[in-house]
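Line by line, the protein sequences give chains A, B and C. The first sequence begins at 1 in our numbering and counts up by one. The second sequence begins at 1 in our numbering and counts up by one. The third sequence begins at 1 in our numbering and counts up by one.
Read the hints as simulated data drawn from the structure, not as lab findings. Hints may contain errors.
Residues on chain A that point at chain B, a partial pick, calculated with CB under 8 Å [unchecked claim]:
#, residue
1, Thr108
2, Pro155
3, Trp191
Here are some chain B residues the structure puts well away from chain C; computed CB gaps all over 10 Å [stated by the list, open to error]:
#, residue
4, Asp19
5, Pro29
6, Gly34
7, Leu80
8, Arg84
9, Glu90
10, Pro93
11, Val128
12, Arg186
13, Gly209
14, Gly211
15, Arg244
16, Gly250
17, Val259
18, Glu295
19, Pro297
Ideal Cβ positions, reconstructed from N, Cα and C, are used throughout, including at glycine.
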Amino acid sequence: MVTLGDLVAHLGCEPGTADADIELDAIAPLGRAGPRDLAFVSEVRYLDALKDCRAGCVILKAEWLDDCPVPCVCVADPYLAYARLSRLFETLPRPAAGMHPSAFIDPTATVPASASIGPGACVDAGAVLGENVVLGHGAYVGHGARLGKNSRLWPGAVLYHGVVLGDDCVVHANSIIGADGFGFARGADGWEKISQLGSVRIGNRVDIGAGVTIDRGALDDTVIADDVIIDDQVHIAHNCVIGRRTAIAGCVGMAGSTVVGEDCTFAGQVGVSGHLKICDNAHFTGQAKVARKIEEPGNYSSGTPLEPTRQWRKNAVRFSQLDALQRRLVKLEARLNALDEAAGDDD
Amino acid sequence: MVTLGDLVAHLGCEPGTADADIELDAIAPLGRAGPRDLAFVSEVRYLDALKDCRAGCVILKAEWLDDCPVPCVCVADPYLAYARLSRLFETLPRPAAGMHPSAFIDPTATVPASASIGPGACVDAGAVLGENVVLGHGAYVGHGARLGKNSRLWPGAVLYHGVVLGDDCVVHANSIIGADGFGFARGADGWEKISQLGSVRIGNRVDIGAGVTIDRGALDDTVIADDVIIDDQVHIAHNCVIGRRTAIAGCVGMAGSTVVGEDCTFAGQVGVSGHLKICDNAHFTGQAKVARKIEEPGNYSSGTPLEPTRQWRKNAVRFSQLDALQRRLVKLEARLNALDEAAGDDD
Amino acid sequence: MVTLGDLVAHLGCEPGTADADIELDAIAPLGRAGPRDLAFVSEVRYLDALKDCRAGCVILKAEWLDDCPVPCVCVADPYLAYARLSRLFETLPRPAAGMHPSAFIDPTATVPASASIGPGACVDAGAVLGENVVLGHGAYVGHGARLGKNSRLWPGAVLYHGVVLGDDCVVHANSIIGADGFGFARGADGWEKISQLGSVRIGNRVDIGAGVTIDRGALDDTVIADDVIIDDQVHIAHNCVIGRRTAIAGCVGMAGSTVVGEDCTFAGQVGVSGHLKICDNAHFTGQAKVARKIEEPGNYSSGTPLEPTRQWRKNAVRFSQLDALQRRLVKLEARLNALDEAAGDDD
């Protein structure tokens with residue numbers, strides 16, 4: 001339970017039309033919020049729903065105050081306020097400090113008393129955990145890897161040897177940081193493996209989803225800068241460098257040695273070729289095929305629109321004839337020009 | 001070993017031309033089935049291979065009876081019969097009930113005696129397992145999560161806190177249900193994490209492949225209805241709702257808050273944008289880019305056909321000129337119309 | 001530390017202009033290599049950078065010898081030499097032989113004294129490990145599965161029951177070999193699961209990245225031939241057969257029963273339909289949609305080029321009109337032909 005007074009204090013804003021004693025149990029969507037729920041309006045299109053709102057309190061912009069039938073608090077950015085307040089309603093207790101007896105900690109590892117090490121977790125030789133680190137059940141920290149303070153590995157997450165994770169990071173379950181990059185040379189009889197001698201360096205406040213893979217570098221490190229956020233099942237190949245605050249949505253795949261700027265966004269399933277340079281503030285829509293360098297900030301896309309399959313098939317066949325079609329058009333233009341000229345001559 | 005009598009009893013059908021005493025050790029493809037193998041014909045195109053079949057028994061449709069040189073059993077749907085019989089030939093023993101001494105079960109968790117808890121598995125505080133639940137090696141069930149009766153987690157599968165899984169479900173190895181949805185608000189200095197306060201609710205008889213991620217909801221739950229089947233490496237983002245019997249093939253990615261109807265099918269690598277509504281009985285071919293709502297049942301596709309790269313490159317360049325090309329065509333049409341009119345005037 | 005003499009002996013080549021006593025600590029990229037680093041030049045485009053190189057020794061082709069300001073060793077294929085030498089600079093110690101007390105080994109499993117079994121790893125009944133096998137923390141080997149000599153599972157990797165992995169293989173963290181193929185028959189009430197009675201057979205010297213899924217076969221086995229290399233997050237469905245030395249980059253998805261030849265390459269995120277046959281030496285660019293059989297070696301592609309979103313939208317709309325556009329062009333051609341003929345008649 002949280003009081004409105006707590007919320008207002010947490011946001012550092014004015015109490016608006018609401019009483020500081022209002023008690024709130026949860027955050028709920030506008031449509032189903034009841035008297036003990038907090039709700040939010042972040043966009044104009046939700047104002048209609050606001051009219052019937054029964055929430056205990058609504059966070060909104062001052063300009064929408066008059067549309068609100070229940071107590072409300074005004075802020076400049078309600079969505080950001082929602083993000084900040086959401087933590088107050090988290091019910092999962094933080095794991096207690098201490099080491100589960102079934103965890104295996106190498107005697108040469110550094111584990112502060114404030115750390116919480118779950119059942120079956122493993123910290124290998126020479127690894128160093130910062131204050132308040134949480135390792136979930138079965139998480140693994142390899143030889144000489146380092147986690148900064150307050151960072152958390154959820155169950156089954158794996159940091160290979162030498163990986164460095166900054167402060168206040170989250171790595172969700174079964175994600176793998178520092179597996180070998182995909183480096184092989186072709187020999188006479190097959191593939192000759194290239195030992196991946198670099199590592200992965202991850203900054204502070206980096207949030208990594210579940211089932212992610214970020215490979216270690218071949219010679220230099222793979223680098224993820226501060227404040228990058230990465231969704232589930234993203235793959236980042238060896239020696240990529242991802243700039244600050246860049247956001248990468250689910251199932252994006254990035255090939256090796258690509259350098260991405262700051263404040264970029266990648267929507268789901270975007271594929272990025274290797275050895276590219278992508279400038280700051282470049283944004284890619286879902287499934288975009290990024291196979292060339294990007295030097296201008298802006299939005300980029302590729303692909304074709306969804307169509308009923310029968311219709312799509314016809315158009316897809318024509319795609320394979322596009323170059324021929326274009327040539328036919330050019331020919332037609334030339335013939336028409338000739339006709340026009342001939343007609344001109346006639347006059 | 002199974003007798004033909006067992007099979008017929010299991011299917012509840014007539015014995016056909018086969019002797020109930022025939023002993024069968026395995027199911028085999030038509031082409032290599034021997035006298036102790038059971039084989040199936042489910043489509044007309046396999047009738048050719050049937051002629052040379054040496055199987056101990058063949059399951060087929062009554063109309064193909066005369067084409068079969070060996071004993072056979074007739075059923076209305078041989079492929080469905082194959083599915084039902086396949087279980088009789090499963091050789092992997094069900095794990096014995098009981099708790100491996102290396103498993104960690106919180107004293108406040110509920111684990112029936114019929115459950116089988118593998119080495120290193122962990123059941124956290126307040127979690128509740130139904131009868132006959134099987135947890136594989138290293139599987140994790142978070143705080144307050146619930147598994148219905150007969151459900152099984154294979155090794156390394158992770159259910160986060162509060163996740164609810166129904167009866168008779170399967171979750172294959174290293175899949176992750178209930179990690180945080182990808183929710184962040186942009187603040188002045190970077191991304192402000194939105195606590196994901198919802199959970200994941202999964203119905204009965206849901207089959208989930210390996211390496212899948214299904215994220216917990218932001219406020220409401222992410223919901224997977226009864227009888228949904230999900231292949232490996234699928235990603236379902238926060239607050240998606242998937243309708244009954246919908247089938248999702250490998251590597252599909254679905255962005256947040258999308259609502260999918262019943263009996264839909266998604267082929268491999270389909271990408272679905274967020275906040276869409278997809279009606280019942282919509283079907284998507286591989287790699288389809290689903291970026292708009294679907295209101296009509298049917299088959300949908302996107303993309304371009306595979307071509308030799310040299311040829312593809314030419315056509316791909318033309319794609320980028322398509323709008324210009326169309327304008328040139330329109331101009332040509334106008335010029336030709338003008339010519340025609342002029343010609344008409346001449347007459 | 002490695003001496004140049006060691007390198008030359010390892011490669012079996014001539015010492016070139018370099019002194020056998022030179023000591024080297026690491027391999028480094030040409031641009032930042034210092035006097036105790038080894039560097040490589042594998043392509044002409046790096047010759048410019050070579051001029052300022054300060055490396056202790058450079059490996060290059062004999063024809064570039066005169067461009068090198070520091071000691072160098074000449075080889076026919078510098079990239080291959082780099083691969084071979086990279087192993088000499090690996091600093092991670094091989095895990096010691098022996099079984100961690102927290103590992104669980106079924107009494108009926110075969111584990112040689114030379115094997116290294118990490119904390120919390122599990123080897124189930126009847127499984128057989130070859131000499132020098134390494135199982136990382138929490139890795140799982142199912143009933144009757146077999147690993148050939150020198151093979152290694154990194155933390156959390158899972159081999160299901162009956163899976164066979166050859167000699168000298170690597171499976172990176174949390175990869176899953178042998179989970180159920182996605183096989184279901186449609187019944188009256190929903191999906192009827194088809195027991196996946198086949199397994200997975202993997203040859204020798206196969207390298208498998210992190211977060212990979214390779215499903216067990218329905219009746220026959222899924223097969224990965226010798227010397228195949230597979231990057232992170234690849235999905236290979238049941239009953240695929242992958243030919244020798246084929247290389248599969250990150251996030252590729254392959255549907256069931258597809259047979260791939262030898263020496264093929266799949267770039268990132270390629271999607272392959274089921275039941276296809278792909279010949280030897282076929283190569284696919286990133287995100288290619290492989291939905292038909294391939295009978296000619298060569299390079300194949302699909303998709304459209306990346307464009308600024310505003311421009312892409314216009315072209316994408318035109319794609320949906322391509323068939324209509326083509327028909328308009330044909331009509332124009334006919335009209336122009338008619339005009340030409342009429343003009344001819346006039347003469």
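Is it the case that B/Pro29 keeps its Cβ farther than 10 Å from each residue Cβ in chain C?
With a cut-off of 10 Å, B/Pro29 comes too close to chain C, as the shortest Cβ separation is near 5 Å.
Close enough to count: is the Cβ of A/Thr108 nearer than 8 Å to one in chain B?
Check failed: Cβ of A/Thr108 comes no nearer than 23 Å to chain B, outside 8 Å.
Please settle this one: B/Glu90 was flagged as non-interface, so is its CB more than 10 Å from every CB on chain C?
violated, 5 Å
Against chain C, does B/Asp19 keep a CB gap of more than 10 Å to every residue?
holds, 24 Å
For B/Gly209, is the shortest beta carbon distance to chain C beyond 10 Å?
With a cut-off of 10 Å, B/Gly209 comes too close to chain C, as the shortest Cβ separation is near 6 Å.
Was B/Arg186 rightly flagged as not at the interface, with every chain C Cβ beyond 10 Å?
holds, 20 Å
Checking a non-interface call: every C-beta of chain C should be farther than 10 Å from the C-beta of B/Arg84. Is that right?
violated, 6 Å
Would the hint on A/Trp191 stand, with a C-beta cut-off of 8 Å toward chain B?
violated, 23 Å
Against chain C, does B/Gly34 hold up as non-interface, every C-beta pair farther apart than 10 Å?
The claim stands: B/Gly34 keeps its Cβ more than 10 Å from every Cβ of chain C (closest is about 13 Å).
Holds or violated: is the Cβ of B/Val128 farther than 10 Å from all Cβ atoms of chain C?
Fine: 25 Å to the nearest Cβ keeps B/Val128 off the interface.
Would the least Cβ to Cβ distance between B/Glu295 and chain C come out above 10 Å?
Since the minimum Cβ distance to chain C is about 17 Å, B/Glu295 lies beyond 10 Å and the statement holds.
Interface hint status, A/Pro155 versus chain B (Cβ within 8 Å)
Cβ of A/Pro155 sits 4 Å from chain B, so the hint holds.
Of the numbered hints listed earlier, those contradicted by the structure are 1, 3, 5, 7, 8, 9, 10, 13, 14, 15, 16.
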